[in-house]
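Protein chains in written order, with this note's numbering: chain W, 67 to 522; chain C, 67 to 522.
Keep in mind the hints are simulated off the structure, nothing from the lab. Any given hint might turn out to be false.
[Said to hold, decoys possible] Footprint (simulated), chain W over chain C, 3 or more residues, beta carbon under 8 angstroms:
1. 163–170
2. 225–231
3. 254–262
4. 352–361
A virtual CB, placed ideally from N, CA and C, is assigned to each residue, including glycine.
2 protein chains.
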Amino acid sequence: MTVDVVQALSRLLSAESLVTDPDVLQAHRNDQAEWAPAGMPCALARPATTSEVRAVLDVARTLRVPVVARGAGSGLSGGANASDGCIVLSLLRMNRVLEVDRRGMLAVVQPGALNAAVKAAAAEHGLWYAPDPASWEFSTIGGNLATNAGGLCCVKYGVTGDAVLGLEVVLADGSVVRTGGRTVKNVAGYDLTRLFVGSEGTLGIITEATLRLRPRPPKATTLLAAFPTLVGAGKAVCDIMGTTRPSLLELMDRTTVRAVEAWKPMGLDVEAAALLLARSDAGGAQGEEEVGVMAAACERAGATFVMNTADEAEGELLMGARRFAYPALEQQGATLLDDVGVPLSRIPELLAAVEHIAAQRGVRIGTFGHAGDGNMHPTVVFDRNDLDAMTRAKQAFDDILHAALDLGGTITGEHGVGSLKRGFLPAQLGSESLHLHRTLKQALDPLGILNPGKLL
Amino acid sequence: MTVDVVQALSRLLSAESLVTDPDVLQAHRNDQAEWAPAGMPCALARPATTSEVRAVLDVARTLRVPVVARGAGSGLSGGANASDGCIVLSLLRMNRVLEVDRRGMLAVVQPGALNAAVKAAAAEHGLWYAPDPASWEFSTIGGNLATNAGGLCCVKYGVTGDAVLGLEVVLADGSVVRTGGRTVKNVAGYDLTRLFVGSEGTLGIITEATLRLRPRPPKATTLLAAFPTLVGAGKAVCDIMGTTRPSLLELMDRTTVRAVEAWKPMGLDVEAAALLLARSDAGGAQGEEEVGVMAAACERAGATFVMNTADEAEGELLMGARRFAYPALEQQGATLLDDVGVPLSRIPELLAAVEHIAAQRGVRIGTFGHAGDGNMHPTVVFDRNDLDAMTRAKQAFDDILHAALDLGGTITGEHGVGSLKRGFLPAQLGSESLHLHRTLKQALDPLGILNPGKLL
Chain W
67 MTVDVVQALS RLLSAESLVT DPDVLQAHRN DQAEWAPAGM PCALARPATT
117 SEVRAVLDVA RTLRVPVVAR GAGSGLSGGA NASDGCIVLS LLRMNRVLEV
167 DRRGMLAVVQ PGALNAAVKA AAAEHGLWYA PDPASWEFST IGGNLATNAG
217 GLCCVKYGVT GDAVLGLEVV LADGSVVRTG GRTVKNVAGY DLTRLFVGSE
267 GTLGIITEAT LRLRPRPPKA TTLLAAFPTL VGAGKAVCDI MGTTRPSLLE
317 LMDRTTVRAV EAWKPMGLDV EAAALLLARS DAGGAQGEEE VGVMAAACER
367 AGATFVMNTA DEAEGELLMG ARRFAYPALE QQGATLLDDV GVPLSRIPEL
417 LAAVEHIAAQ RGVRIGTFGH AGDGNMHPTV VFDRNDLDAM TRAKQAFDDI
467 LHAALDLGGT ITGEHGVGSL KRGFLPAQLG SESLHLHRTL KQALDPLGIL
517 NPGKLL
Chain C
67 MTVDVVQALS RLLSAESLVT DPDVLQAHRN DQAEWAPAGM PCALARPATT
117 SEVRAVLDVA RTLRVPVVAR GAGSGLSGGA NASDGCIVLS LLRMNRVLEV
167 DRRGMLAVVQ PGALNAAVKA AAAEHGLWYA PDPASWEFST IGGNLATNAG
217 GLCCVKYGVT GDAVLGLEVV LADGSVVRTG GRTVKNVAGY DLTRLFVGSE
267 GTLGIITEAT LRLRPRPPKA TTLLAAFPTL VGAGKAVCDI MGTTRPSLLE
317 LMDRTTVRAV EAWKPMGLDV EAAALLLARS DAGGAQGEEE VGVMAAACER
367 AGATFVMNTA DEAEGELLMG ARRFAYPALE QQGATLLDDV GVPLSRIPEL
417 LAAVEHIAAQ RGVRIGTFGH AGDGNMHPTV VFDRNDLDAM TRAKQAFDDI
467 LHAALDLGGT ITGEHGVGSL KRGFLPAQLG SESLHLHRTL KQALDPLGIL
517 NPGKLL
């Protein structure tokens, strides 16, 4: 079978586009998810063109071989993990920014382009590609699209899907479909663009994207506040979101702050229950006014410390605390990074539930994340060499998903379902929605060749 | 057949929920589209609950009868027009705002609620439901969702779909599906919410929507500028969008301005090739600064007149000119209102094409619309009693669609395809995309009972 697949691929792909070296295959089995299962691919296809992508799907369809698309492999849910005998389809060679239309305020890019490259290309024309997942420096646009990646700025500017005007997609049947277009508004037909965005490679392979660019925002004013209680921090989040438009609103709990202080001492308040970091990019006097509104909300909610700065370098220093959150927790052991979302009003309940789970399971959990969107990353820290600790960590991870669902939330706000959370999807969706998902999958990929075992 | 359908419905619906009075049926045949064909329904169902909606679909499925959902009937593409023998499904009785969650910043509403009612309910809690189609005072949320309606504020705040967190939908098979949820970010599964939004009643019946609310923006500063050339106005639009974030950016051409002046004299410049109306709602000093940036862009682009005001009453007066655009054109004859979109950079070309079409077809066309989104409404004015004029008007309407497509645009930016533009959809989508649309339609509605003959 493997021989057949490789032979068939070699007939249709250039030599450069096909790799069977076992070491290379080994390196393309996984994304960055802990514990998500990964099989052994039979081949790595590295197409340079849409035609080559189509050729890969033709082989897969003919020989009934799974195709697992991947970008930089920086995913956190196992969405890009290989299944046994699959073809891994790397889009990394299709990495060009094909066009930046300054007056039209859009960019046309290939899926393998790094998010950072798109930002840079936009900046050359004085424009801005907004979506900023934490991985923006090393993740690809294709991966961002596949997971509908979020980030910090989405509290004001939306997620990846909000920045997509159109796509080129190769379907399981080998047809090449264009969705959307180059206009900001477009209601001609179904919103196929949004159907493919976030579908984790299970409905088609995105080979080109037309992305919306924006004017670069003015310089930001940054605020830091410390709270003696989680409830107080949660109240401040609701108040801020209900009265103004922060360009960023992040939370770190005590465990996270202590991890940061242990690794990169910055003089943060390690006794506070939570810190909030917020920004306004309204600019000038209005930026200061917005931050003033935020500061007042923090004080009303019982903050013991509030400071802000319009100095960009100082603002970046403060942001460092948030950027160090995950790597600081990683210093303390193996980590299981969760990605749950709850309605804005229920953040304090989520944080309390996580504390309870940590105590009950006897594990350490640092929680940080995008408070302004209700999207938090409780991160279980454990000793990888302690089997019992690993088991309890995994239980705590699952408990957090249940807690989010109990609060009317979601098992994934921005990382995707992948294989890691597949078992939890039915509990969130319900049987009717799950059935509809399967109907769509069946309609678009009747042979089940596209990333089987992921998402659904 | 009609007897069977009515009998079957009467067994499942309350007396109040079923109407067969011919005069009432007659009044429910049409939306507001000119010349879109309309058949005669066999019954009007006015369900009060999701269960009753389901019952209607059960009857439709069993007896293979088309179901045409409608809200206020204010649509402009014939999307809600009856087909012969169909059941018209009015959602007007399901018109409650079920919940406003102030801290969670969301509202849960039934489809028959007016957009205005949702805005009012949000305002009671100090919040804002942003989407503002021109019909907001009399159109329903259900209709807004079915067409993914736009409006004036979407240049900054997005279209209807951008304000939807989740839906309850009754499918053709009678199952009731919940999509999305109550969180701002959610990537658990396919984006089914966006699949139903804009699907014009062809994939399911929306029976509930969870809508995102926002803080009320600060008071707006309004700008008016007059341009001697269309190219100059188009350049100003690009410059403004490329440098700042207007909360509204509207254009009116000379024909439209003259119609407004003829109907409601305001002292507008009737010699200008185009007027631009823009707003910043950044508030305070920043609002004035943003409007200053816009004013400078207008002057650079050759504006002969630029003024702005932070006075709200005066701002509303200026906005009146834009609000009067369509009714003023209606004073001059029958109208065919188009709704095309082009990439931002191509607005001048679209306007020039429309002028050319007007001259060639010997018709009057007033063009106005949402310049900041590239979404324009060229409106053909003609004498309804002159058959030749009607023919030329229809030809001009079609020419405008072709012109938009030639410019890389869309045949509909916010009104929908309905039956009016159905014939043009293949030219925009291409055969592969059209096939995919049909595959989805077939998967969700295999018997074709949901609004057949619309969109696809």
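Of the numbered hints stated previously, which ones are contradicted by the structure, given in increasing order? none
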